[in-house]
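Asks: So you can see what is in the structure, the chains are spelled out below.
Number of protein chains: 2
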Amino acid sequence: MAGGSAAGPNAARVINQVTHGLGSMGIWVRLPLVVGGAMPAEDVAGGGAGAGAGDAGESAPSDPWLAWQVLRALGEASTRLGVLLQLPASPPPPGALARWIGEPLRAAVLPVAAFTPNKRGCPVLGKAHQEALATLFAAGVQVILAGPPPPPGRFEGAAAAPPSSSSSSSSSSWAAPFWEYLAYAFRRPPLPDAEAALEAGYRDYLQAPLQPLQDNLESQTYETFERDGAKYEAYGEAVRRLLEDRVRAHGGAGGAQPAPTTVIMVVGAGRGPLVAASLAAADSVGAPVRLYAVEKNPNAVITLQGRLAAEAAWGPPPGAPPGTPPRVTLVAGDMRGWVPPERADVLVSELLGSFGDNELSPECLDGAQRLLKAAGEGGPGPGGAGISIPASYTSFLHPISASRLWADVKGYDDLEHAETPYVVKLHRFTPLAETAPVFTFVHPRGGGGGGDAVMEDGDGAGGPSSSLNPQDNARYASLRFDRQGAPAALIHGLGGYFETELYGGVTLSTHPPTHTPGMASWFPIYFPLATPLLAPAGEAITVHMWRCVSPVKVWYEWAVEVGGGGGGGKGVSVSSGAATHIHNVNGRSYFVGL
Amino acid sequence: MAGGSAAGPNAARVINQVTHGLGSMGIWVRLPLVVGGAMPAEDVAGGGAGAGAGDAGESAPSDPWLAWQVLRALGEASTRLGVLLQLPASPPPPGALARWIGEPLRAAVLPVAAFTPNKRGCPVLGKAHQEALATLFAAGVQVILAGPPPPPGRFEGAAAAPPSSSSSSSSSSWAAPFWEYLAYAFRRPPLPDAEAALEAGYRDYLQAPLQPLQDNLESQTYETFERDGAKYEAYGEAVRRLLEDRVRAHGGAGGAQPAPTTVIMVVGAGRGPLVAASLAAADSVGAPVRLYAVEKNPNAVITLQGRLAAEAAWGPPPGAPPGTPPRVTLVAGDMRGWVPPERADVLVSELLGSFGDNELSPECLDGAQRLLKAAGEGGPGPGGAGISIPASYTSFLHPISASRLWADVKGYDDLEHAETPYVVKLHRFTPLAETAPVFTFVHPRGGGGGGDAVMEDGDGAGGPSSSLNPQDNARYASLRFDRQGAPAALIHGLGGYFETELYGGVTLSTHPPTHTPGMASWFPIYFPLATPLLAPAGEAITVHMWRCVSPVKVWYEWAVEVGGGGGGGKGVSVSSGAATHIHNVNGRSYFVGL
Chain A
0 MAGGSAAGPN
10 AARVINQVTH
20 GLGSMGIWVR
30 LPLVVGGAMP
40 AEDVAGGGAG
50 AGAGDAGESA
60 PSDPWLAWQV
70 LRALGEASTR
80 LGVLLQLPAS
90 PPPPGALARW
100 IGEPLRAAVL
110 PVAAFTPNKR
120 GCPVLGKAHQ
130 EALATLFAAG
140 VQVILAGPPP
150 PPGRFEGAAA
160 APPSSSSSSS
170 SSSWAAPFWE
180 YLAYAFRRPP
190 LPDAEAALEA
200 GYRDYLQAPL
210 QPLQDNLESQ
220 TYETFERDGA
230 KYEAYGEAVR
240 RLLEDRVRAH
250 GGAGGAQPAP
260 TTVIMVVGAG
270 RGPLVAASLA
280 AADSVGAPVR
290 LYAVEKNPNA
300 VITLQGRLAA
310 EAAWGPPPGA
320 PPGTPPRVTL
330 VAGDMRGWVP
340 PERADVLVSE
350 LLGSFGDNEL
360 SPECLDGAQR
370 LLKAAGEGGP
380 GPGGAGISIP
390 ASYTSFLHPI
400 SASRLWADVK
410 GYDDLEHAET
420 PYVVKLHRFT
430 PLAETAPVFT
440 FVHPRGGGGG
450 GDAVMEDGDG
460 AGGPSSSLNP
470 QDNARYASLR
480 FDRQGAPAAL
490 IHGLGGYFET
500 ELYGGVTLST
510 HPPTHTPGMA
520 SWFPIYFPLA
530 TPLLAPAGEA
540 ITVHMWRCVS
550 PVKVWYEWAV
560 EVGGGGGGGK
570 GVSVSSGAAT
580 HIHNVNGRSY
590 FVGL
Chain B
0 MAGGSAAGPN
10 AARVINQVTH
20 GLGSMGIWVR
30 LPLVVGGAMP
40 AEDVAGGGAG
50 AGAGDAGESA
60 PSDPWLAWQV
70 LRALGEASTR
80 LGVLLQLPAS
90 PPPPGALARW
100 IGEPLRAAVL
110 PVAAFTPNKR
120 GCPVLGKAHQ
130 EALATLFAAG
140 VQVILAGPPP
150 PPGRFEGAAA
160 APPSSSSSSS
170 SSSWAAPFWE
180 YLAYAFRRPP
190 LPDAEAALEA
200 GYRDYLQAPL
210 QPLQDNLESQ
220 TYETFERDGA
230 KYEAYGEAVR
240 RLLEDRVRAH
250 GGAGGAQPAP
260 TTVIMVVGAG
270 RGPLVAASLA
280 AADSVGAPVR
290 LYAVEKNPNA
300 VITLQGRLAA
310 EAAWGPPPGA
320 PPGTPPRVTL
330 VAGDMRGWVP
340 PERADVLVSE
350 LLGSFGDNEL
360 SPECLDGAQR
370 LLKAAGEGGP
380 GPGGAGISIP
390 ASYTSFLHPI
400 SASRLWADVK
410 GYDDLEHAET
420 PYVVKLHRFT
430 PLAETAPVFT
440 FVHPRGGGGG
450 GDAVMEDGDG
460 AGGPSSSLNP
470 QDNARYASLR
480 FDRQGAPAAL
490 IHGLGGYFET
500 ELYGGVTLST
510 HPPTHTPGMA
520 SWFPIYFPLA
530 TPLLAPAGEA
540 ITVHMWRCVS
550 PVKVWYEWAV
560 EVGGGGGGGK
570 GVSVSSGAAT
580 HIHNVNGRSY
590 FVGL
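Chains as they are written, first to last, in numbering that gives the first Met the number 0: chain A, 0 to 593; chain B, 0 to 593.
Rather than coming from a laboratory, the hints here were simulated on the basis of the structure. Everything numeric in this text was worked out from a predicted model, so none of it was measured. We put the CB at the ideal spot given by N, CA and C, even for glycine. Treat the hints with care, as some may be off.
As the list claims (entries may be wrong) - Straight-line C-alpha distance at most 20 Å; calculated SDA-like pairs for lysine to any residue: (1) K409(B) to A97(A); (2) K295(B) to S89(B); (3) K552(B) to L205(A); (4) K409(A) to R226(B); (5) K552(A) to H19(B); (6) K552(A) to G20(B); (7) K409(B) to D413(A); (8) K552(B) to G20(A); (9) K552(B) to T530(A); (10) K409(A) to L414(B); (11) K126(B) to S89(B); (12) K552(B) to A97(A); (13) K409(B) to A529(A); (14) K424(B) to K126(B); (15) K552(A) to V13(B); (16) K295(B) to E217(B); (17) K295(B) to T260(B); (18) K409(B) to T530(A); (19) K409(B) to A417(A); (20) K424(B) to S391(B); (21) K409(A) to L205(A); (22) K424(B) to D203(B); (23) K409(A) to A529(B); (24) K126(A) to A97(A); (25) K552(A) to Q16(B); (26) K424(B) to R226(B); (27) K409(B) to S89(B); (28) K552(A) to D214(A).
What the hints assert, rightly or not - Quick list of simulated restraints, FRET-style, between CB atoms: (29) Y183(B) to L414(A): 35 to 41 Å; (30) A311(A) to G20(B): 34 to 40 Å; (31) A184(B) to D471(A): 53 to 59 Å; (32) L414(A) to P512(B): 40 to 46 Å.
Kindly produce the complete structure, drawing on both the sequences and the hints.
Replies: Given below as structure tokens:
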């Protein structure tokens, strides 16, 4: 190899030969974190299994991250290629590490020169280095301490410490106080509980979304979901507030009029957690209720029958005369076909998926709306209509960089997997913008209930610009993410979340800014891009997202554009010309069956 | 659909449904040629089979070409999607059409308002419109004349012309003078000869390159090549100049010393065209020659034997005593294994491929160099060494936009085809920069002959920056194509050409700026990109090209980067981070066997 400019592509060619030729060898490319950062000539101390270190940074590019993108592109984004990031001895700029978290960052090199002596002469790191290391440790990136040893006498306190080994000339001896500092300063707090430990096992693990409408869930799945105390507490609180509001509307608990019996229908009762939470809420308020538990899964119905027979709360109200029917009536069947004996004041359901509407809550609740009191029938909603818990839900998206997730999807090597959204505990990813709201659904729809099903315009970054047809549950949103001042980024896909309002200010959220504490039922959703899209520094990213509905299925289609998006009503758009294809055309790769 | 900004992606989604759902329907998207060009409200008159026209331009993007790129990307570059280009009534800016020639441009709409009356009141077009139409017709794009009809009286001369039809109110009547002008002004000249007509049939038709070393050519292939008079005239002229130089070096034809007999070896004699051209050259100069015709293809050897027996010129020199051996000696075998009775003054060969060295001329001539006189042995070269015809050859490349070629390769739907260079008569393509020289080979290599085999640095756009190893025939070139002021472009691949100097200023070239007139033996070469790469406006394009050599095969690897490339010796590079993978790693998809 000759010529300065030739080093990059020729290094890539050599790496290609290795990654295509040799078995399981991995290659780590050593790159400086800081633009123009000098690479030390010394060899790195330590390193992972089978790691060699190329010097892609030798051609001194203006931005090591861009050099890495080119190297990775030249090498077909091989999963054998990783990054070994050289931290500077001077304080790293805040946020400089963030864009590397979504990359295959295998390790970071911390030079001993980054340490300064504290008052007692012991080595410590400044705030910027501490923050950088905290980011690395949180992402599970190993840190390599690199020499050369400090000049004699610089760390007097450390030298005065009793040597743990007799041979004071070995490198482990001089390095010991640095390691001790790191071990002390970045001691990981113990995981809060067994649930969090379980969650840790799911980090960046792709799962296909559930299809609870088409398939019957397994008992183990119910078991897992029912363990989420935070969720059912919120549902109980929502029902409690509703019943309180009802009692208050009728003059209070000791008022002139007796509070009317509230008819609650739990649609999709599963093994009964919403039934139990609703009954407990009713008892806490002292409001009379009649509750229908509708469930289509025959296995779950058996459990419900057992609970009805065994649990007193499910039976007749306390102090009722003999022969009074139990408060709970079981309905074994699909809510869409059931003919109810009376109409409900409130429909309680937990049909939301990781992207809110993706498990067909809108379609189910539209189908169940006929079970609900219409306006004028004495329900608790506006005009006397029945209401739905949840009352509304909104999905959120942002573009993310997540090379590991993308590589895992790519590993399937087919279009189908590249166009399927996955439920995943997002961990090693870099958000490329704040989230923006996507689709909002309000129940019940139309005149009677809690509002119109027409999407509201969000006030976030862009906000959905239009709906394909407000009369059904198909939707289109064009989300423009402005990135003034942001560095170049590689878009691997979209991270999705939701917020829902159950009733009267009681909410559940997987949306990071408002995430419900302790709630573990939902992981985010990841919409992959078949081919990553490069967004140059400062260029906006526009996401197009469709929710499509046919008589037999519901699916999403999505596309990402660099630049683009609409400014004002005149439709003025500034596009860079770079865009992905529209993913999942006609639901060819993924859909949810009705 | 609602919302101005939503029109583009939603139009793409509808188009996707059509292109994925319906059989063979094509969709033409109507776009204005000129930035901000108004789209007429009227329907287009005429159109091709099954053509509908979407209005992707309705959102008034700042650059219709970029809008088209996004639309095509969103639609997975479907071959069903074509462009219907709206020409403006005002003069189109020069060169505005060029970037559309590489696109699937199906037709162009010419508004009647573009015509002005000449002195006689007949409709004519201005120079800019004439040039635009010439470009369209040369590319085989149909032109659609569109109304509304001109105001009455504007074209008085036309109105005075005798109407060809009796119903003067029909549109064909008012349109007739415009058609007549077009038919007159753009009457295509007849194709020069049958050869050009044959060539026309090969436009944009991809062919696998020949492997004459590994395979034996068929008689039909020889037949085709031998018809190329221009090529053999050049070879004859090169031999003639060489013999003249030799005679002159020995004091001229009537000089004191008799001219020495020149030993010519034709390596790869085929069916004898170089033998015949060399003998004719010798006779024209009156120089004595002894010629060895080396050919490994047994079928071709049979033809050579026939010619030796039948053609007087191949026999003993005129006026020689009986028993004198013929001037031509046949050698049936591989030049690489032949042990010659004497060494040659000149090796004549025609081993070049469309990319110069791609049919292994360097390897063959290196292998044959031992047949050639070394320095001091009385050859015609410097120091008395033998020489090679050709003496040297250089390949040239430039990035091109050629959606049809790319789609044809993509149609194979495998990596192998996407990483194979093709011989193709490039027709519907847009060059994105001037060509740059890539690899140069000089024969014979080393001390004796015409120079060192070390690559020369070109002085074109960038020029090759380094050679992997000047001691063998492996090469690396990094070519930077600056594009200041150029619009955004989609790179589909590389167009390749070559120039060769046979001897003493006699050249052959397929390189457009120096193309040998009338020579039809070589079409250009096309190196495809597996995925097109978008180069933003003004951004440089850097091409990396390797010629790789192993003991059993030779292959190319190539990659394209946006921005990138080296400026000075310090290796300062400015990359956008966008690059293709390195194509054909380790020759996995394509190689030429040794």
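Asks: Decide, hint by hint, whether the structure agrees.
Replies: Hints versus structure:
no. : hint                           : verdict
1   : K409(B) to A97(A)              : violated (37 Å)
2   : K295(B) to S89(B)              : violated (63 Å)
3   : K552(B) to L205(A)             : violated (43 Å)
4   : K409(A) to R226(B)             : violated (51 Å)
5   : K552(A) to H19(B)              : holds (18 Å)
6   : K552(A) to G20(B)              : holds (17 Å)
7   : K409(B) to D413(A)             : holds (16 Å)
8   : K552(B) to G20(A)              : holds (17 Å)
9   : K552(B) to T530(A)             : violated (33 Å)
10  : K409(A) to L414(B)             : holds (15 Å)
11  : K126(B) to S89(B)              : holds (11 Å)
12  : K552(B) to A97(A)              : violated (45 Å)
13  : K409(B) to A529(A)             : holds (16 Å)
14  : K424(B) to K126(B)             : violated (29 Å)
15  : K552(A) to V13(B)              : holds (18 Å)
16  : K295(B) to E217(B)             : holds (13 Å)
17  : K295(B) to T260(B)             : violated (26 Å)
18  : K409(B) to T530(A)             : holds (16 Å)
19  : K409(B) to A417(A)             : holds (19 Å)
20  : K424(B) to S391(B)             : violated (24 Å)
21  : K409(A) to L205(A)             : holds (12 Å)
22  : K424(B) to D203(B)             : holds (5 Å)
23  : K409(A) to A529(B)             : holds (16 Å)
24  : K126(A) to A97(A)              : holds (16 Å)
25  : K552(A) to Q16(B)              : holds (16 Å)
26  : K424(B) to R226(B)             : holds (18 Å)
27  : K409(B) to S89(B)              : violated (38 Å)
28  : K552(A) to D214(A)             : holds (14 Å)
29  : Y183(B) to L414(A): 35 to 41 Å : violated (52 Å)
30  : A311(A) to G20(B): 34 to 40 Å  : violated (58 Å)
31  : A184(B) to D471(A): 53 to 59 Å : holds (55 Å)
32  : L414(A) to P512(B): 40 to 46 Å : holds (43 Å)
Comparing the model with each numbered hint stated earlier shows that hints 1, 2, 3, 4, 9, 12, 14, 17, 20, 27, 29, 30 do not hold.
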